[in-house]
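Trainee: Here are the chains, one letter per residue:
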Amino acid sequence: MPEISSFPSPSAHPTSPAFSVKDLSDHIGGTVVGDSSRLIERCCGLESAGPKDISFVSNIKYLGQLSTTRAGCVVVGATLNHQSIYRPASSPLTLIKTADPYFGFRQIMVLIHGLRTHPKPLISPLCDIAPSAQIGNNCYIAPFVTIGENCKIGDRCVLYSGVQIMAGAQMESDCILYPNAVLYDFSRLGKRVIIQSGAVIGCDGYGFATHEGVHHKIPQAGNVVLCDDVEVGANTVIERAAMESTLIGEGTKIGNNVVVGHNCQIGHHNLLVSQVGMAGSSATGNYVVLAGQVGVAGHLRIGDHVRAAAQSGITSDIEAGRDIGGTPAMDFKLAKRVYLQMFQLPEIARRLRAVEAKLVDTKGNQKNE
Amino acid sequence: MPEISSFPSPSAHPTSPAFSVKDLSDHIGGTVVGDSSRLIERCCGLESAGPKDISFVSNIKYLGQLSTTRAGCVVVGATLNHQSIYRPASSPLTLIKTADPYFGFRQIMVLIHGLRTHPKPLISPLCDIAPSAQIGNNCYIAPFVTIGENCKIGDRCVLYSGVQIMAGAQMESDCILYPNAVLYDFSRLGKRVIIQSGAVIGCDGYGFATHEGVHHKIPQAGNVVLCDDVEVGANTVIERAAMESTLIGEGTKIGNNVVVGHNCQIGHHNLLVSQVGMAGSSATGNYVVLAGQVGVAGHLRIGDHVRAAAQSGITSDIEAGRDIGGTPAMDFKLAKRVYLQMFQLPEIARRLRAVEAKLVDTKGNQKNE
Amino acid sequence: MPEISSFPSPSAHPTSPAFSVKDLSDHIGGTVVGDSSRLIERCCGLESAGPKDISFVSNIKYLGQLSTTRAGCVVVGATLNHQSIYRPASSPLTLIKTADPYFGFRQIMVLIHGLRTHPKPLISPLCDIAPSAQIGNNCYIAPFVTIGENCKIGDRCVLYSGVQIMAGAQMESDCILYPNAVLYDFSRLGKRVIIQSGAVIGCDGYGFATHEGVHHKIPQAGNVVLCDDVEVGANTVIERAAMESTLIGEGTKIGNNVVVGHNCQIGHHNLLVSQVGMAGSSATGNYVVLAGQVGVAGHLRIGDHVRAAAQSGITSDIEAGRDIGGTPAMDFKLAKRVYLQMFQLPEIARRLRAVEAKLVDTKGNQKNE
Numbered sequence: 194m195p196e197i198s199s200f201p202s203p204s205a206h207p208t209s210p211a212f213s214v215k216d217l218s219d220h221i222g223g224t225v226v227g228d229s230s231r232l233i234e235r236c237c238g239l240e241s242a243g244p245k246d247i248s249f250v251s252n253i254k255y256l257g258q259l260s261t262t263r264a265g266c267v268v269v270g271a272t273l274n275h276q277s278i279y280r281p282a283s284s285p286l287t288l289i290k291t292a293d294p295y296f297g298f299r300q301i302m303v304l305i306h307g308l309r310t311h312p313k314p315l316i317s318p319l320c321d322i323a324p325s326a327q328i329g330n331n332c333y334i335a336p337f338v339t340i341g342e343n344c345k346i347g348d349r350c351v352l353y354s355g356v357q358i359m360a361g362a363q364m365e366s367d368c369i370l371y372p373n374a375v376l377y378d379f380s381r382l383g384k385r386v387i388i389q390s391g392a393v394i395g396c397d398g399y400g401f402a403t404h405e406g407v408h409h410k411i412p413q414a415g416n417v418v419l420c421d422d423v424e425v426g427a428n429t430v431i432e433r434a435a436m437e438s439t440l441i442g443e444g445t446k447i448g449n450n451v452v453v454g455h456n457c458q459i460g461h462h463n464l465l466v467s468q469v470g471m472a473g474s475s476a477t478g479n480y481v482v483l484a485g486q487v488g489v490a491g492h493l494r495i496g497d498h499v500r501a502a503a504q505s506g507i508t509s510d511i512e513a514g515r516d517i518g519g520t521p522a523m524d525f526k527l528a529k530r531v532y533l534q535m536f537q538l539p540e541i542a543r544r545l546r547a548v549e550a551k552l553v554d555t556k557g558n559q560k561n562e
Numbered sequence: 194m195p196e197i198s199s200f201p202s203p204s205a206h207p208t209s210p211a212f213s214v215k216d217l218s219d220h221i222g223g224t225v226v227g228d229s230s231r232l233i234e235r236c237c238g239l240e241s242a243g244p245k246d247i248s249f250v251s252n253i254k255y256l257g258q259l260s261t262t263r264a265g266c267v268v269v270g271a272t273l274n275h276q277s278i279y280r281p282a283s284s285p286l287t288l289i290k291t292a293d294p295y296f297g298f299r300q301i302m303v304l305i306h307g308l309r310t311h312p313k314p315l316i317s318p319l320c321d322i323a324p325s326a327q328i329g330n331n332c333y334i335a336p337f338v339t340i341g342e343n344c345k346i347g348d349r350c351v352l353y354s355g356v357q358i359m360a361g362a363q364m365e366s367d368c369i370l371y372p373n374a375v376l377y378d379f380s381r382l383g384k385r386v387i388i389q390s391g392a393v394i395g396c397d398g399y400g401f402a403t404h405e406g407v408h409h410k411i412p413q414a415g416n417v418v419l420c421d422d423v424e425v426g427a428n429t430v431i432e433r434a435a436m437e438s439t440l441i442g443e444g445t446k447i448g449n450n451v452v453v454g455h456n457c458q459i460g461h462h463n464l465l466v467s468q469v470g471m472a473g474s475s476a477t478g479n480y481v482v483l484a485g486q487v488g489v490a491g492h493l494r495i496g497d498h499v500r501a502a503a504q505s506g507i508t509s510d511i512e513a514g515r516d517i518g519g520t521p522a523m524d525f526k527l528a529k530r531v532y533l534q535m536f537q538l539p540e541i542a543r544r545l546r547a548v549e550a551k552l553v554d555t556k557g558n559q560k561n562e
Numbered sequence: 194m195p196e197i198s199s200f201p202s203p204s205a206h207p208t209s210p211a212f213s214v215k216d217l218s219d220h221i222g223g224t225v226v227g228d229s230s231r232l233i234e235r236c237c238g239l240e241s242a243g244p245k246d247i248s249f250v251s252n253i254k255y256l257g258q259l260s261t262t263r264a265g266c267v268v269v270g271a272t273l274n275h276q277s278i279y280r281p282a283s284s285p286l287t288l289i290k291t292a293d294p295y296f297g298f299r300q301i302m303v304l305i306h307g308l309r310t311h312p313k314p315l316i317s318p319l320c321d322i323a324p325s326a327q328i329g330n331n332c333y334i335a336p337f338v339t340i341g342e343n344c345k346i347g348d349r350c351v352l353y354s355g356v357q358i359m360a361g362a363q364m365e366s367d368c369i370l371y372p373n374a375v376l377y378d379f380s381r382l383g384k385r386v387i388i389q390s391g392a393v394i395g396c397d398g399y400g401f402a403t404h405e406g407v408h409h410k411i412p413q414a415g416n417v418v419l420c421d422d423v424e425v426g427a428n429t430v431i432e433r434a435a436m437e438s439t440l441i442g443e444g445t446k447i448g449n450n451v452v453v454g455h456n457c458q459i460g461h462h463n464l465l466v467s468q469v470g471m472a473g474s475s476a477t478g479n480y481v482v483l484a485g486q487v488g489v490a491g492h493l494r495i496g497d498h499v500r501a502a503a504q505s506g507i508t509s510d511i512e513a514g515r516d517i518g519g520t521p522a523m524d525f526k527l528a529k530r531v532y533l534q535m536f537q538l539p540e541i542a543r544r545l546r547a548v549e550a551k552l553v554d555t556k557g558n559q560k561n562e
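First to last, the sequence lines map onto chains G, Y and R. The numbers in the first sequence follow the numbering used here, run straight up by one, and end at 562. The numbers in the second sequence follow the numbering used here, run straight up by one, and end at 562. The numbers in the third sequence follow the numbering used here, run straight up by one, and end at 562.
Hints are computed from structural coordinates only; laboratory data are not their basis. One should not assume that every hint holds.
Which copy? The list can't say, so a pair holds if one copy fits it or any two copies do.
[Claimed, not checked] Dumping the calculated DSS-like pairs for lysine-lysine here, alpha-carbon to alpha-carbon at most 27 Å:
1) 215 <-> 410
2) 345 <-> 313
3) 345 <-> 410
4) 410 <-> 245
5) 529 <-> 384
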């Protein structure tokens, strides 16, 4: 699609040291098929990978690309019948087979590229920290960060420029807050929480009591609690509770521009993809997946392991284990059949008219349209 | 759902002084049923409330919980037949009856917990205020705030850290801008306007004139006007007008991650819930409610008191007083019937095929599928 | 709709010098009908324009307003039959006719009001620029901006207050970044790129490998590239690629609160309207238009000149040149017919029951409901 030939090629990370295919395979407990001495420098998508790049296939949909890829090595599932893949004799594939190729490739990415590195510990003289705030050891606190009264910042936290921490907020160790993220007062973060830029944690819940034509603000006296290993995407908003806490369970990952309403209780290890919206006081179990732009009405219960397709509108409680889709959300298999028939609606209407016309002919009655 | 037993319990607000049930009832002009001397320290949700907590029921859907709640007192509607509620003799309910229990409870919340308190008036030496800007009395202006040339800030305004006010913007008294909120040039705020973190008021409208394959930016020479008592949620965006003003009427409350396009005219006391999107030049009357994720196309008129269900897609003018839902938006009652039938579509298709087959049998004709 | 009579009238831009209708017409190569000596001071919408204002009509839907407008001059299409418009003899219309009246009016807006002016070149002593960063000539860098190690800022760039540029990011000349915009490390911006407030460019992509019940973060080692003349709306998020680059092609304009997932490849001159969400690794051709709240699933290809109606849900590849709508997205003309029938669904169900009942009558069988 678009050409960027005239644009300087990006090089987000410095050139990595080379690893042999054998090294990489051993790292993930895999099995090499092909040339195990080949040197690999970079992870790359299958389509654009070259001879020094490693790539992966975890979805059978993309297996066909194995015939044409120029990648130096590809991580694949342990059960792949690699002899069924056509390759010219002059460019045999080198594969690493492993039970979970997506996770295996992730491990190799961490080995070659590493997770992001952060500046060395430092408290900038250009930040503003309240005298009563407690700052742990080995933190990096950038310019133009503010930390309010009575805050506690755990060891090794990284607070990038423009992060604003209001009074009474606390975070445990190893949290990373990217530029311009905001924590309102009394927010609580567990260990290793990551907040991307512009995310707002703990703003007032949307609560108004309408009386004699005026919407009166209801005090939002609760807070937000993010448990260990939560990640919150850029420009996402998590409202503080009116009373008690809005809670995001351990290991849950939230995308960008998501809104979680006040008093929601999100379980452990959920995935809330970008632009999901949850109204107030709804709760999810563990391992729930809400795909992009899903909306959830207020005061609902969504059971463990529920998966909702993108743009679903959830308007009632959902039992554990169900896959759902559509608006209002229904069983996912039903949704697919419903949408298939929806495309046929004009035709269904035409056929119904034809049937009615035939019945009139048959019976000599007026048709009832 | 998720357990947070291992997480330190939040205490967002200091322990309140205790009030007797009688004090609280008198405060809202209510009537006590039960022990009016009981002491209450905190407002709390019905499910988790304990003996020193007050809670409320305003929706008959939750009346059943009155049999099991451990709350020390519950605010309920004046007409509730409390003798119909089963309670063991050992733990009788204490109730406060009032005509509008939701608003009554709100008044009690304000009494016990108060609305948020802000830092004492102070102009931080770490902010940057243009020489020509006028700052009212008793303002709090935090570190890393900028206020541009010719701005006017009214008395008692609170500008938290990282707030950016571009040249020529003005606000009247008692406004609160949370961390990292942005006002573009020439924005106008009335009295008591609240802007949550990350909201952007007055960025350029999305206006381009496409000519010979290039989208040319149209100057956005207007501004945004927020009338008295408007509240704008976190990371919400209100575009400035191309010409004249984008207007948000008095008392209107806007949720998070909402987008209001350039030249929209929003009436008084509207509720625009999180993630609503309004395209340019549309207008709403007074007391309009747009629930979460509703989309409104451009150049439309939505009458007074219209209420649109979540995720509705509004593509035409809507008369005053209507309740609507669905995409494209239709009468709400019709929408409910339509969606009910939508679930049946595969069955409708099957039955239509059956009818067609019978007609073929009856008449000996080919069916017309 | 709402009244703002009690609110001070905004005057976002100073009074412009007056231009004669002839001057304006000559500026855009138009033809005057009426009084070419009339003086014009301001651009304005047709409804509120007065005798010193110029307005425009580019959509025949609004031609009727030409009978009542009080505008001093109106820019219209070259082929308009102006003699067919009824006007009282006492207030004849003055028109400028031109082939592309929307673009012509835009040219007049630029002449009268200008595009936004920015502060004079200056590097504030209150910003924080890493020693290794390179800053071009004649830049404006406001207070509380940070620029990380090894960044390159081209000539004449404007960085408003609170902008955060992480290490290794680069931009070419004449870029404008509004308050509190964020560029993550290694982002690349071409010439004349505009980033509205709160937009986040290059945050981590939403990538996790789930293994034994834990979502493991996948390194996001790529970056974001915005080509020349791209504009990004307020609080929009563009994720960095896991590997290689997320790319936004030349001249593409993105609205507010949009999310573009990691590794997307957006073509040239696209229009992505507010609240659009694109999942990872999808690609668009050139001149694609995605209207408000459109969702695009991952790994899709959308061809040149495709236009998707607001709230569409795109779940499969779309061929070049198609207009689409609905969820799942279908041909736009079909979508209109489908939605028309959807309104009729309760009626279709009733008629089907009636047909079934008649067949039972006719044949004496049980109906098969």
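Trainee: Take the hints in turn and mark each one as holding or not.
Mentor: Each hint, compared with the structure:
1. 215 <-> 410: Answer is between; shortest inter-copy Cα gap is 24 Å, intra-copy 63 Å.
2. 345 <-> 313: both (20 Å within a copy, 22 Å between copies)
3. 345 <-> 410: Between. Shortest inter-copy distance 26 Å satisfies the 27 Å Cα cut-off; intra-copy 29 Å does not.
4. 410 <-> 245: Only across copies: residue 410 and residue 245 sit 24 Å apart there, 60 Å inside one copy, limit 27 Å.
5. 529 <-> 384: neither (41 Å within a copy, 45 Å between copies)
Hint 5 alone, counting from the list given before, is not met by this structure.
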